[in-house]
Amino acid sequence: MRNLPAFLASLTLALVAQAQQAEDATEPALPRWKTLDQLQEVATPEMERVELIVRDTPPPPQRALEIGLVVLDPGTGGDSLDNRRQGVFNDVRSAEARYLPFALRRALVDSNQWGAVRVLPGSDPGYELLVSGRILVSNGAELSLALSVRDSLDAVWLEKTYSTVAEENAYLEAERRLRRPFQDLYHEFANDLYRLKAQRSEAELERIREVSELRYAADLLPDAFGNYLGREESGLVSVERLPAQDDPMLGRIRRVREQEYLFIDTTDEQYAELYTEMTPVYDLWRQYLREQLTFRDAWERRLAERDKPRRGSYEAMKQTYNNYKWEKIQREEMRTLAEGFDNEVAPTAMELEGTVVQLNGSLDQRYREWRDLLRQIYRLETGP
Amino acid sequence: MSRQIIAILFAVLLSACASEPEAPAAPQEKLVLPTPLVRDFSGHWEMDYGRSDNVDQKLRSLYREMQRNAERIARGDQRARVVSPELVNANFGKVIDMARLADMITDSQVLEIEQSADDIEIKRENNFTLTCVFNDGRPELVIDELGSEICGWSAHQLLFRIALPDGLDIQHRMSMSDDRQRLHVATTVDRRGAAPFTINRFYFRFDPLPEDYQCEYTLSRGNVCQTGGL
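The listed protein sequences correspond, in order, to chains A and B. Convert by adding 73 to the 1-based position in the first sequence; the result is the number in our numbering. Convert by adding 8 to the 1-based position in the second sequence; the result is the number in our numbering.
Just so you know, the hints here were simulated from the structure itself, not pulled from any lab data. Small disclaimer: the values here were computed from a predicted structure and weren't measured. A portion of the hints provided could be inaccurate.
Derived SDA-like pairs (lysine to any residue); straight-line CA-CA distance at most 20 angstroms [stated by the list, open to error]:
(1) A:Lys391 to B:Asp198
(2) B:Lys131 to A:Glu400
(3) A:Lys391 to B:Ser183
(4) A:Lys398 to B:Ser116
(5) A:Lys398 to B:Ser183
(6) A:Lys391 to B:Asn231
(7) A:Lys401 to A:Thr349
(8) A:Lys401 to B:Ser162
(9) B:Lys131 to B:Glu120
(10) A:Lys391 to B:Glu120
(11) B:Lys66 to B:Glu122
(12) A:Lys398 to B:Phe100
(13) A:Lys401 to B:Asp177
(14) A:Lys391 to B:Glu122
(15) A:Lys381 to B:Arg108
(16) A:Lys391 to B:Gly175
(17) B:Lys131 to B:Lys66
(18) A:Lys401 to B:Ser183
(19) A:Lys398 to B:Thr226
(20) A:Lys391 to B:Arg108
(21) A:Lys398 to A:Tyr348
(22) A:Lys398 to B:Asn99
(23) A:Lys398 to B:Gly201
(24) A:Lys398 to B:Ile151
(25) B:Lys102 to A:Glu400
(26) A:Lys401 to B:Thr206
(27) A:Lys401 to B:Gln179
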């Protein structure tokens, strides 16, 4: 029994090696990340560019829905060490979750099809159109977002996964000036949303706006406005009755909502600043990620092409060790890059924290606090 | 499935370590977390060639030993059994292969070690960084596409075992002198069907030149350095 632990330790390691060998025997050791070849299969063969559908003049007010883009779910639920091993860096993802909605916002604003488009720190179900989503993949070579859009009636406009790959020259300075990396994805999303709006009648859009206002009012003052709305069997929000347009309470609600928009617009400026400052660093980060994938592909190809040395020989053992070594070194490199990224982005966020609002997660809390404050102001105005 | 089996085996291994007071395991195999930290390897280390193994000499010595052993066997000398039977049967060509591999993977002249109560990072020149999260005393097992690692404390020694495909097993055993000025890394390379080969590397502590500036790596500007801290 003296050597039981030692025996078990050896057995465990032998099993690990055996399991590894079994895996090796059935399929070659491929990285968890997609190779560039695999990514090219995902991409359209000719990499057709998606042009944004743009209006020459702003839409008439009755078709100018307002859009709220909620900060994305970074998609980093697991253990940060595990994430890192899979090439997902929590700090970078957290910044991306704030950056990418702003990139989508730009496409929507550029399309000239909408009213105000705002990036929201937290969800607001009463928004005329609310965009939320999750980052599925973001590695410099591929971007994949699961996006969902619903209106104030709770009708789902779309639920779709948008994926695209960066073109080979996407990160060249000249190319970047002409076209942002992954621009096709942002354009595709904006175009989809435009087409969905085009299918709606003006009456439907008007209903969305009415419900949005009443949901906001009911949220702020449930006793007064709660019974204006109901639910259809389908689950959609319905209007039971409408307040008079000159209803003084509604007038106050509109004033309060303007105050809230002021807050959102202030934070929006901060997002814009973050977007501007982050863009060059973020492009570099994504460029490095792409180069790493390219290097990885080339390395794997060289390995596959090389003659297999005799099993158990020095050359075979050296190759086995070096495969492991380069895999580890590459991950370390990624970690260093992620830290370098964070060293540039974090101070921006901290600087923002000190001025108007906190951008690191607690903005949602601030937003709720601000709304509570508005409720209190409203109650003071109207009395108990 | 294999991960579950491995996890169960680790649980058995740990309970076996804890429940054998009458027959303690060899201390080098008992993986426990030292609390408080018993050995802090932090610092910069440079190879001491004078004390480290010379692979050529070690191979010559092994060869002579094998020859002597073979002669003993030929004479029917009982002492031949005292010597490791693997050594007797080993093909010397395989021994050379193992020695070359051990030499290659331990050729880092400089180590930079950062250690906290929670983890350790051993940055090795021209090689990958060995990292170990202490995990409240539980040995950390990491299974990757190209190999598996386990690490943990064995008394005052820090152990890393790396299981690679094709039955290749590498073990690094690190210990430090009481005055904290010398570091010993014993690396054993093992493979089924071949005799294990151990190479000893010794390092002495050195203090890098004092820096009046601090640097921070940034993506767009590379290392940004400034005096008086960032």
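Violations among the numbered hints: When the structure is compared with the hints, numbers 3, 5, 6, 7, 8, 10, 11, 12, 14, 17, 18, 19, 21, 22, 23, 25 and 26 turn out to be violated.
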